[in-house]
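Protein chains: 2
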Amino acid sequence: MKNISIIAFAATVLMCGCKGQPDSPIPEKDLIFAKGQKIENDNFQGTVFLNNLVMADSVNNTAVGSVTFEPGARTKWHVHPAGQIILALAGKGYYQEQGKAKLILKKGDVIKCPPSIPHWHGASTDTGFVQVAITNRENGPTVWLEAVTEREYKSYNNQ
Amino acid sequence: MKNISIIAFAATVLMCGCKGQPDSPIPEKDLIFAKGQKIENDNFQGTVFLNNLVMADSVNNTAVGSVTFEPGARTKWHVHPAGQIILALAGKGYYQEQGKAKLILKKGDVIKCPPSIPHWHGASTDTGFVQVAITNRENGPTVWLEAVTEREYKSYNNQ
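So the sequence lines, in the order shown, correspond to chains A and B.
When you number the first sequence by our numbering, it's gap-free, plus one each residue, and the end is 219.
When you number the second sequence by our numbering, it's gap-free, plus one each residue, and the end is 219.
Don't take every hint at face value.
[Stated by the list, open to error] Once the Cα atoms are required to be at most 25 Å apart in a straight line, the calculated DMTMM-like pairs of lysine to aspartate or glutamate come out as:
hint	chain 1	residue 1	chain 2	residue 2
1	B	160	B	130
2	A	166	B	88
3	A	172	B	130
Hints are computed from structural coordinates only; laboratory data are not their basis.
Source: prediction; values computed, not measured.
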């Protein structure tokens with residue numbers, strides 16, 4: 061019995077130790093906004109939740125949403141015809157524009173995506189990510205492109 | 061000496077008890093964004109800090125700022141020609157549109173201020189307030205009006 065306990069303990073240490081830390085979704089108590097609904101369309105990879113905070117209308121054409129990415133989840137490559145602003149609220153995220161290096165996003169970081177530039181964003185491999193997306197809809201809706209490959213997603217992970 | 065201690069204790073209880081709790085600015089560790097610079101113009105009453113996160117430009121005419129109000133601080137009445145969106149991040153705030161009751165704002169609340177409607181916002185009397193302001197500049201800058209009176213500021217405090 062003692063040997064079994066030692067083996068179980070060693071296995072637990074190995075399982076926790078190999079990745080540095082286990083996958084970390086953002087705890088509910090750390091969220092500013094409710095997570096909202098799970099996104100079911102195929103413009104995202106992995107598990108992502110969206111809370112539409114403000115819908116665009118004819119008077120103020122700005123949409124605001126809180127997006128919660130579980131570890132490993134991300135958008136496909138896409139374009140906003142009138143640009144987008146991303147506010148990082150919690151966790152660890154990635155952001156990449158076509159032809160540029162992937163950036164690491166953490167709480168308090170701000171991105172201004174230029175109009176019509178292909179880009180993607182999402183959570184890091186081991187930690188969830190919460191962002192507010194502020195999207196100007198005056199030139200039309202988001203244009204979705206191809207999926208982010210594993211190679212693109214995991215590039216430059218030593219940052 | 062014993063009497064002095066009793067009087068000091070009673071005075072402390074009274075001082076703490078009258079207001080319910082002491083003034084509460086938001087602790088730095090609870091901020092998502094840095095507080096930024098103290099606002100020195102007279103469009104605000106009390107102590108307010110502004111961190112300009114994104115400046116409006118000709119391509120994306122949306123400005124985003126994190127505003128930290130110390131207890132009792134508020135804007136003057138004002139108007140946004142193309143509207144504004146307020147995201148409440150921390151603390152306890154007030155928001156009022158002309159002719160309507162004052163609202164209490166707390167973490168996670170969202171306000172869409174209509175264009176050209178006079179309104180004001182700020183911290184509550186005893187707790188600071190942090191908001192993100194998303195302002196559409198396409199119809200021109202904010203128009204500042206008269207100060208918020210003490211009577212207006214403290215109306216409906218039983219909510």
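Results for each hint:
no., hint, verdict
1, B:160 - B:130, "holds (24 Å)"
2, A:166 - B:88, "holds (17 Å)"
3, A:172 - B:130, "violated (29 Å)"
Hint compliance for this structure: hint 3 is the single one not met.
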